[in-house]
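First to last, the sequence lines map onto chains S and Y. Start counting the first sequence at 1; every next residue gets the next number (the working numbering). Start counting the second sequence at 1; every next residue gets the next number (the working numbering).
A hint or two may mislead.
Restricting the straight-line Cα-Cα distance to at most 25 angstroms, the calculated cross-link-like pairs of lysine-lysine (DSS-like) are [as the list claims (entries may be wrong)]: (1) K52(Y) x K43(S); (2) K120(S) x K52(Y); (3) K138(Y) x K120(S); (4) K138(S) x K68(S).
Chain S side only, calculated, beta carbon under 7 angstroms to chain Y, not exhaustive [what the hints assert, rightly or not]: (5) G41; (6) G175; (7) F202.
Please keep in mind that the hints were generated in silico from the structure rather than gathered at the bench. Please read all numbers here as calculations on a predicted model, not as lab measurements. Even glycine gets a Cβ: it sits at the ideal position worked out from N, Cα and C.
2 protein chains.
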Amino acid sequence: MLDTNTNEAVPDNAQEGAGRERTGLREELLQTAVDLFATRGFKGTSIRDIAKTLGVSVSVIYHYFGNKEGLWSAILDYSVKGLPARLEAALGGGGHALERFRRVLRAHLAASALYQKESKIFLIDYDRMSAAGDQTSKAIQKRVLDAYVGILEELRTEGLVKSAQTKILAFNVLGVVNWYLRWYRPDGPLAPDEVYEEIVAFVLYGVIGTPPGQS
Amino acid sequence: MLDTNTNEAVPDNAQEGAGRERTGLREELLQTAVDLFATRGFKGTSIRDIAKTLGVSVSVIYHYFGNKEGLWSAILDYSVKGLPARLEAALGGGGHALERFRRVLRAHLAASALYQKESKIFLIDYDRMSAAGDQTSKAIQKRVLDAYVGILEELRTEGLVKSAQTKILAFNVLGVVNWYLRWYRPDGPLAPDEVYEEIVAFVLYGVIGTPPGQS
DNA sequence: TAATCTATCGAACGATCGTTCTGGTACGCA
DNA sequence: TGCGTACCAGAACGATCGTTCGATAGATTA
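Required output: the full structure, derived from the provided sequences and hints.
In structure tokens:
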């Protein structure tokens, strides 16, 4: 009676044997988890929700990721974890400071668009995770901030940036970019590049400004 | 043994009888809930957490607010719900468009500072609530956005704003302001007004910009 | 004084949470 | 052919969740 039960329980992938590895189940789990986390939040999404959406057992998640934190960690690994390196890469290379600043900004926007949901979860839940993930997440946030502060300091020594509060400026830039991944819809009326240019222009003028004294 | 138990169980407000209303328990509950929601999130905070922090029973929360959603709704009532009206009030009144824009911005920043934690919870969890609260929250978000789009359109007809994408500009402004309440610490080195002016300058220059053609 | 109301407690209920355990099937390799 | 390992289902466990339910003590009212 056990084997008949096993055969009947297979929902729709009956063409494969029960013990056969499903094509990319791990990736399916990651994608499903990202979708649910992004809409309901990390705490608001249960392991069972994810498993049920894919029609698999909850054990699969523990098999692949150990526990719920491990699942979130795996999501971080392929997405947000690479962001600081991208920005620092864009920060290096040639060109004068303003050009490099523009390059960092564009790289940041591109990464945010590529991993939109993952970044959204990261920004919303990063300070509400338990100790382990929090450590990593805080470090990522800091490297990103430092990248912006660094280039803004450069721009300041060149006289392009007037304000001495480069950290506040960096926060403002982060606000614009991080808000972008909350309102941007890929199926919107504007092409991604048009949106990019609009945001880049806003940030550039905001950062550089013109000397005060004009009311 | 019941009455002795009652007397012993009172932690520090023993001068009042057990059935006497505690001084502002409702406000204490709201404040505690805000603190916990802001650090652990709505889903991450249990009714018991709030009650335990104040050393009271869970029933008092249900007595005052009905249920967990009601508690959140009460928080919204005294804080974020008034934001659209504040902005619209600042939008009215005299002065030319640029001055009114500056006034809206400052009102927005002041409100964000006044209800920092409440706004933070609102912005993080507003699209993860159940139906009732979601309706209200979405309406608030929309009115705030519309206020900014409206004044930006005005600025555009006056030629001060060059870009036709006023909605994206409004999103950018919202990003800066909403991010501000995530990084701002009242005990920081700068006075609130200094921070305000820094942010206002950034947004103003970002919105107005200078005509393109300069690399 | 008697009855009602308000504020609060502590226990309890059913649901759901993350996680573990047991077991069974199929593939790779000897 | 036999065996170890990877993969997966389903039941179960203890903890915790939001919520409900009497009971009680003081305040208010008639």
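Discussion item. Hint check: K120(S) vs K52(Y), CA-CA at most 25 angstroms. Holds or violated?
Written reply: violated (32 angstroms)
Worksheet item: CA of K138(S) to CA of K68(S), is that 25 angstroms or under?
Response: holds (19 angstroms)
Worksheet item: Does F202(S) pass the interface hint, meaning its C-beta sits closer than 7 angstroms to a C-beta of chain Y?
Response: holds (4 angstroms)
Worksheet entry | 25 angstroms limit on alpha-carbon distance, applied to hinted pair K138(Y) and K120(S) | holds (18 angstroms)
Discussion item. Quick check on G41(S) please, does its C-beta sit within 7 angstroms of some C-beta on chain Y?
Written reply: holds (5 angstroms)
Fill in: Pairwise hint evaluation, K43(S) against K52(Y), where the allowed Cα distance is 25 angstroms at most
Satisfied, since the Cα-Cα distance of roughly 21 angstroms is no more than 25 angstroms.
Worksheet item: Hey, does the G175(S) contact hint survive, CB to chain Y under 7 angstroms?
Response: For G175(S), the interface hint holds, since the closest Cβ of chain Y sits about 3 angstroms away, which is under 7 angstroms.
The structure fails to meet hint 2 from the earlier list, while all remaining hints are met.
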